[in-house]
Structure formats: structure tokens, C-alpha cells
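Asker: With the sequences and hints as input, model every part of the structure.
For the protein sequence lines, the chains are R and E, in the order given.
Read in order, the letters of the first sequence correspond to residues 1 to 201 in my numbering.
Read in order, the letters of the second sequence correspond to residues 1001 to 1206 in my numbering.
Hints may be right or wrong, so weigh each one.
One-sided excerpt, in silico: chain R residues whose CB lies under 10 Å from chain E [unchecked claim]:
#1 V13
#2 S16
#3 E18
#4 A38
#5 A44
#6 L46
#7 A48
#8 D53
#9 F55
#10 E56
#11 V69
#12 L73
#13 R78
#14 E187
It is worth saying that the hints were derived from the structure and are not from the lab.
Idealized CB from N, CA, C, for every residue including glycine.
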Amino acid sequence: MNHLSEDALVDAVEGSAEGAARAAIDAHLVSCARCRAAVADLRAALAAAAHGDSFEPSPLFWTHFPERVARALDAERRRVPHAQAVRRLRWMVPVAAALLVVVGLGPRLMRSTDSPSRDAAATAQRDIVRPDPPLAELGGDNDPLWGLVEAMAEEVDWDVAGETVFSIPPGTADLAVGRLSDDEQLELARLLRAELGASEQ
Amino acid sequence: MSVAHSDAAAADLSSLAALDDRELARRAAAGRREAFDALVERHQRTVYHLCYRFVGNHDDAADLAQEAFLRAYRGVRGFKGEASLSTWLYRIAVNVCLNRVTAKAPAFESLDAHHDLGAHGPDPSNLLLQRERAARVRAAIARLPPRQRAALVLRVYQELPHAEIARIVGGTVGAVKANFFHALHNLKRILATDPEWGDRAGRIEP
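Answerer: Structure representation (C-alpha cells):
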């Protein structure tokens, strides 16, 4: 014998079926003790559920709740500029890191890629692991790349950055570049040149 | 605040109270915070009680209700009025509750939390019995899987039709009815294993 579906049992408990569907449910229940028992169980559970009343807070709670929500909204609004600063930093960080790579490694990568030798990539690889020259040799008042990094760094709120987003250990960018394959390093140099060319226009 | 300002604010609140939900939502979306405040005042009870049914204690219910209104405020520009505002608010509140109950087991309030025990009604012992039954039912409901709990709460306590519940929780009417069926079935099973329940509130056979 087919029994009533879960849907039909719910309809039977709630008396929500109409017309032919209701007639079919009623007819089945007359002849099926198992479904009658199931309906009785569900009705008992429904009656039990009705005991689970809610809790009514004091009238004072209702008076203060809208103010509580309003305060939370105000607090959230005050946090928005902070969140916007974080969002700005999220794109500035990789750009700044890329620029640091360019300042530190760009000239050597460019030198490598300019060479017609088939060993250019290998030369670049050797250059990357060589100790960096002192910063004074790379940047300075007349170095446009360093100037660009300085300009970007001025826009960063370092207090916010420190507490929220990042701290990049020294040498991270060098390490990352060192792990690239020869072809990837050449492609990185090409992309950075293109990017810098675009930003200088 | 001057008397004149106070009167103006009261008049403004009074005029807002006369507006329907859609108009208040439209004004809130346009940046009128007082319109949103009026919506909070209007719907706070239903949202709070819905949350309370989910978590079974006042502190969490108040936190969840607040979170639901914060989300509503953030999303009020997206309210297009296809559904009623209460359905929209229910949907937000249910999602907030579902997220919470899957992340954290609810802490149930003891009977002591109902500090006004005996303050209403002529028979404190009957009241105590009712409260105890209610606490047992809430504890049993809290053990239901979240979607079954949502179906039960929205159907039994909020008295919403299955189609409306389907819109709120996202799903088909059939799925909602199935969840409701299993919620009742499991509720019966859980209460049947509670020896105190049968003695005090009419036995449910295991």
C-alpha cells in the first residue's frame, strides 16, 4: 500500500488540502492505520510546540532598542572611512611592492632582457641572488622610480596599515622574484616596464 | 534641545508613524535615518521574537535582532518592494539566525531569567508549570537542524503560509513542507525522550 507523502501528511495535519486532494487524503486515512498514527503524532508535536511561548522583555527594552540600533548604525558609519582606507591599501600594497621590486631589481632585469645572449635569463637569475647595492645607488632625488614610490608611500596611513592589513618582512619581494622561472622573470620585467611607462604618461 | 525642536521632532515622528512600510523604506533608502528608525520601532517586536525562537535566550535574541536591522539598513536601497517589507525583514533575520545557530550552540535561558514570574495571573504554580513546559519545548526546538527550526518557527509562531516561508528561506514549498514535517517528527521524538515532559504536559509516546 502506498502511504501519504510528507507533503500530504502536513496537509492532513493542517487541514490545508482542498477539493480532490483533500478527498484523497481523507479516503486514505480511513483505510491506513499507519498514516492515521503519523497524523496523530504530528498533531501532538504541533500541540507541544504551542507550549513554547516566547519571552516578553520589559517595556523599557522596547523603548531603548531603537536607540541601541541607532547607536550601532552611528558606530558603523564612523568605521566606514577606516574601512575605505583599508580598501585603498589593499590595492596599493601590491602596487607598492611591485614598485619596490622595480627599484631594487628592475635595472638588472632590464639589462638582462636587453642582452641578445641566450644566457640572459640565467644572468638575471644570478643577479637576483647577488646582494643588493646600497639604496643610495638605486634611488635618490633624481631617481623617478624612487620618487614614485615615495609619492605612493605618502598616501599610506601606516598606523592603519600596521593594525589592519599587512606587514611585509624585508626581502619578501626579492624572495618572490627569485622563485620565478626565467621566462616569468622576463615577463615580469616586461609588464613592469609597460606599467611604469603608462603611469609616467 | 529646545521645546520648539522637541515639538518638531515629535511631530515628525508622528507623521512618519502614519506612513506605510514602503514609503518609510523609500525614505530610508534616500538617507532619511529617522524613517529607518520608525521602521525599527514598528518591526522590532516581530524581529526580536523571531530571533528569540531561534536562540532561546534574551541576550542573543537582542543581538541578533540588532544585527538584522543593521543589515536591513545596509540593504534598504536594494529593497524594491516586490515582497512586503516584513517578509524582507524576516528573510534578513532568518539568515542572521541561521548563520548564528550554525556557528554557535544556543545558550538557553533558565527559568530564573523570567524575573516577573508570578507577577501576572492568579496562580503562580500554574505559571511556573507553563514556563517549565515552554523552556523544555524551546530546548527541544533548539536541537532541531537549522532549516527545520526555521520552518517550524515561521509556521507555528509567526503563522506564515508555506509559500511565504519558501520566499523567506529560499526554496520550494515542497522543501519547506518537508522541513516542517521533519521538524514536527523530530520535536516529538526529542520530547518523548524527556521524562519530565510526559508527566507534566501530556505524554507523547516514543
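Asker: Check each numbered hint against the structure and report the violated ones by number, ascending.
Answerer: Checked against the structure, the hints that fail are numbers 3, 13 and 14, while the rest are satisfied.
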